[in-house]
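Peer 1: Next come the chains, spelled out residue by residue.
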Amino acid sequence: MASPQPRVGVITYPGSQDDRDALWAIAALDGEAVPVWHEARELPDLDAVVVPGGFSYGDHLRCGAIARFSPATAAVCEFAAAGGLVLGICNGFQILCEAGLLPGALLRNASLRFVCRDVSVRVERDDLPFTRRCSAGQTLVLPVKHGDGRYLPPPDLDPGQVVLRYLDNPNGSVEDIAGVCNEAGNVLGLMPHPEHAVDALLGSDDGALLLASLVDAARDRVLAAI
Amino acid sequence: MLVRPKAGILDPQGEAVGSALGHLGFDVRDARVGKVIDLELEAADEAAARAEVEQMCERLLANPLIESYEVEIVG
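Chains as they are written, first to last, in my numbering: chain A, 1 to 226; chain B, 1 to 75.
These are calculated hints, taken from the structure and not from any lab test.
C-beta: ideal position from N, C-alpha, C; glycine also.
Worth double-checking, as some hints may not be accurate.
Partner residues aside, some chain A positions facing chain B, computed with beta carbon under 10 Å [as the list claims (entries may be wrong)]:
#	residue
1	R62
2	P103
3	R108
4	A110
5	L152
6	V174
7	L202
Quick list of the computed label-pair ranges, beta carbon to beta carbon [said to hold, decoys possible]:
#	chain 1	residue 1	chain 2	residue 2	range
8	A	F114	B	V28	24 to 30 Å
9	A	D168	B	Q13	19 to 25 Å
10	B	V36	A	T139	40 to 46 Å
11	A	A81	B	F26	49 to 55 Å
Use the sequences and the hints to build the structure in full.
Peer 2: Shown next, in the form of structure tokens:
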């Protein structure tokens, strides 16, 4: 029997930019990429969700502050509360923090400059659905492109929730944090863009390790349900 | 209402403003940059207006992890 193709949804808000690359990357990694419009009050049948990067609703007020109240975000929160796998990338990370699915907040880069370059990040945990193809301590090269990526953790953040750390901190994030997960480990947010790094021709394919991990974990959930 | 970066949180925008003022010859010890949000609304009285605006702050207008806010009622 051929292994089933897990269905991975990608939300598109007004102002999302990286939804197409995320859809393309999921399909390239053998997932079924499912576009989801921001007005959807209910998600289609999905095995994982990606909240992509961009400038949802113009990033007005604070990044992610308006997108947090969109119907699709409410549906993503329900999906996550039921244990569903949710990956937030860049603006998606900001939205998940504003929505309270992830701890902390993302502030203006310490340099006040938009930063657009490849960075190196260290994998701190390889036991998550998002990192199982990686090994702890491994360095990944991934692009960042953001003006508001300075992560501020809440005072009581469990250090075990830090999943990725910058080796060359591009934005002043506290403790070099580049990615964090929720306590249950089914929601991950990160500022670097794995979906832009799935083909060596484009500079790095390290992002494929994270996204293929997600597709694998989503496939396991399909198999477990059969 | 006034929204300010919470005390203790790095405010690079405030630092840039403080340093620019320094270049102009002003002696500024510290500068922090926040924002003003003006709202027009109908309410039975001042207390009701304040209660409503405070809810708006908690839910949307300020992020309590990084910002503090102050409500000022005019009119």
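Peer 1: All hints are to be evaluated individually against the structure, with a verdict given for each.
Peer 2: To see whether the hints hold, each was checked on the structure:
no.	hint	result
1	R62	holds (6 Å)
2	P103	holds (9 Å)
3	R108	holds (6 Å)
4	A110	holds (5 Å)
5	L152	holds (6 Å)
6	V174	holds (9 Å)
7	L202	violated (31 Å)
8	A:F114 to B:V28: 24 to 30 Å	holds (27 Å)
9	A:D168 to B:Q13: 19 to 25 Å	holds (23 Å)
10	B:V36 to A:T139: 40 to 46 Å	holds (44 Å)
11	A:A81 to B:F26: 49 to 55 Å	holds (51 Å)
Violation of the numbered hints given earlier is confined to hint 7; every other hint is satisfied by the structure.
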